[in-house]
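Put together the whole structure using the sequences plus the hints.
Sequences listed follow chains A and B, in order.
Heads up: the first sequence is residues 16 to 238, going by our numbering.
Heads up: the second sequence is residues 141 to 598, going by our numbering.
Just a sample of chain B residues kept apart from chain A, beta carbon distances all over 12 Å, derived:
(1) Arg-201
(2) Asp-287
(3) Gln-375
(4) Gly-406
(5) Asn-410
(6) Thr-417
Sample of chain B residues with no beta-carbon within 12 Å of chain A, all distances over it, derived:
(7) Thr-209
(8) Glu-215
(9) Ala-268
(10) Pro-316
(11) Arg-389
Restraint-style ranges between C-beta atoms, simulated for each label pair:
(12) B:Glu-354 with A:Arg-222: 58 to 66 Å
(13) B:Val-561 with A:Gly-200: 34 to 42 Å
(14) B:Arg-596 with A:Thr-238: 15 to 23 Å
(15) B:Thr-304 with A:Ala-167: 28 to 36 Å
(16) A:Gly-200 with B:Gly-493: 45 to 53 Å
(17) A:Gly-104 with B:Met-419: 52 to 60 Å
(18) A:Gly-200 with B:Arg-596: 35 to 43 Å
(19) A:Arg-130 with B:Thr-304: 40 to 48 Å
(20) B:Gln-153 with A:Glu-49: 46 to 54 Å
Hints in this document: simulated from the structure, not taken from any laboratory.
The beta-carbon is built from N, C-alpha and C at its ideal position, and this holds for glycine as well.
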Amino acid sequence: MRISVFITCFNDTLFPQTGRAMVELLERLGHEVEFRPEQTCCGQMHMNSGYRDEGLELAARMRRVFDGAEVIVTPSASCAGHVLEHEPGLPVHELSQFLTGVLGVEEVGARYPARVAYHPTCHSLRALRVGDGPGRLLAAVEGLDLVEIDEADQCCGFGGTFAVKNAEVSMAMLDDKLSAIERSGAEVVTAVDNSCLMQIGGGLSRRGSPVSTLHLAEILAAT
Amino acid sequence: MSSASRGGATFPQAAHVELRNAQLRRNLGHATRTIRAKRAAVVDELDNWQQLREAGAAIKRDVMANLDTYLVEFERAATEAGATVHWAADADAANDLVAGIVAGHGEHEVVKVKSLTTDEIGLNDALAARGVEALETDFAELILQLDGDWSSHILVPAIHRNRTEIRDLLRRTIGPADLSDEPAALAEAARVHLRERFLRARVGISGANFAIAETGTLVVLESEGNGRMCTTLPQVLISVVGIEKLLPRFEHLAVFMQLLPRSSTGERMNPYTSLWTGMTPGDGPAEMHVVLLDNGRSDVLRDPVGREALHCIRCSACLNVCPVYERTGGHAYGSIYPGPIGAILTPQLEGIGAAASLPYASSLCGACYEVCPVKIDIPRVLVHLRGLTPKRGAERRAMRTLAWLFADAGRYRRAQRLARVLPARVAGAGPMRAWTAGRDLPAVAPQSFREWWHERRP
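Have a look at this one:
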């Protein structure tokens, strides 16, 4: 299958290792990967911040950039959700959904010996309904010990510009999430969106916590 | 006060104060967690819950699309059954109508059923200004009234108070000086105080959970029995009903009687459900008034996206699952309608400029939408309302610039390179200071994904 990757501006700029891992993983699974360099931002931030015209225009731009693509895969559940909502019909899949739902694989040949907690992000859980796909992918990783976070479905407090417009409420939500993560005994927290992981990772790092964050794609790419 | 709003602070300002109250956060965390679990248990036992939600949403959509017809139908049926129907365009008109009826009977006190709609229009203050004392008879509402406080939760108005505070308050006001903080003793003190007032009151005031167009029936759901007292003992009953509370047919109640108690108190059935259709000679009130209230609802109805907020049946499930509400409590929303539903209802009822910070008081986590018994897509309405709020000039310029950069891959790539060489103190300035107050910020990667790709496949 020829897969067009939608990396997202956020990952392109701040977390390129996630995009690289996703490409390596998809190629390892035997697929041809293309990256269309015209892609920039899907407009989610503009839309959710109240700049509707700009958000819709950037979403419409996605359709032009990915014109004719057979399948589009992205390592961001929230960007996938935004594009699917505003450009329905564009064949966009969040990575874990693509692997478990479209390809029907759970065992991807990864090895990652660590105690890992999975944080189900709000958009993956409630907008995309990825279900237990990420958990099944992680359970199949060699050496990986999957641990649970208490009240895992609670929001981490990121919420895009919410994290700065309502920084104190966002921090109060994050504090509870960080404590739950620390109680889980995890060495690594993973998720299907680097935006939430930036919030969680930024808080863990500020606490001086030994727990680190890593996108699901990077765990699945590891051998 | 004749509006849903309370106080003038923005949500982040009010939240700043509330977040400092560690006791409040513990109380709220405990209370909302308990009620979330109760709700989940009684919802999970129904295998047709999603169909019920769908049915509830469909009925409400039909009501909003044909409200004019149903209102007139209700007026006709209620009038035929012996009630007098009044129309109030706004809070002042409704308050004048109610005060006029009370004055017409020469009364100086009324007993009230818990009613958000009368809180919204500030009825108690309006009556007090005309020398009429309105006694709240719901236990939590009574507590707030005795203390000059106001509701912080749609269903549990005094959720922000603990029982020691309540004991001290009742000792100071209506209870014996040696009152204990046992719930039964606290309830007994209120019961003794209220019973005499129920018996002597000649006017009762209620809202309504539902108004049935077909039959002219009003419906009130409650837990304490005080509502039954208020709607049956006094000679005169006045019900203030928002025009969105209509249901077309009596049979539709079957859907909502399953949706509301489970979503609200986490019960299969609430203890008291009162239904009345006009008057029955010799049984209950001899005079009945229904005040149909608009107060901004017609304006909300005009917005095809925002009107979904009018579907709300005031169950408060969205408050109990909201991670923002759980941390700030209801007062931070500055409205009689707090939580996620308040964040979409208040700015629409009051005008977006009066509550412009509320649509942003959400991380858009979607938990509210998932539990809403009538499937109000609250995150979607929040985003829609964000599009309507006035924007600060600096923010607008920054967002427009970003959109301009994103519109062209070349511009975007050059901006990306520029961001990489910005000193950390610049990158951490402005709005990012709010981020870095509690969180570290990742550095811009030395090589972007697209640069890696280009290098790999020249």
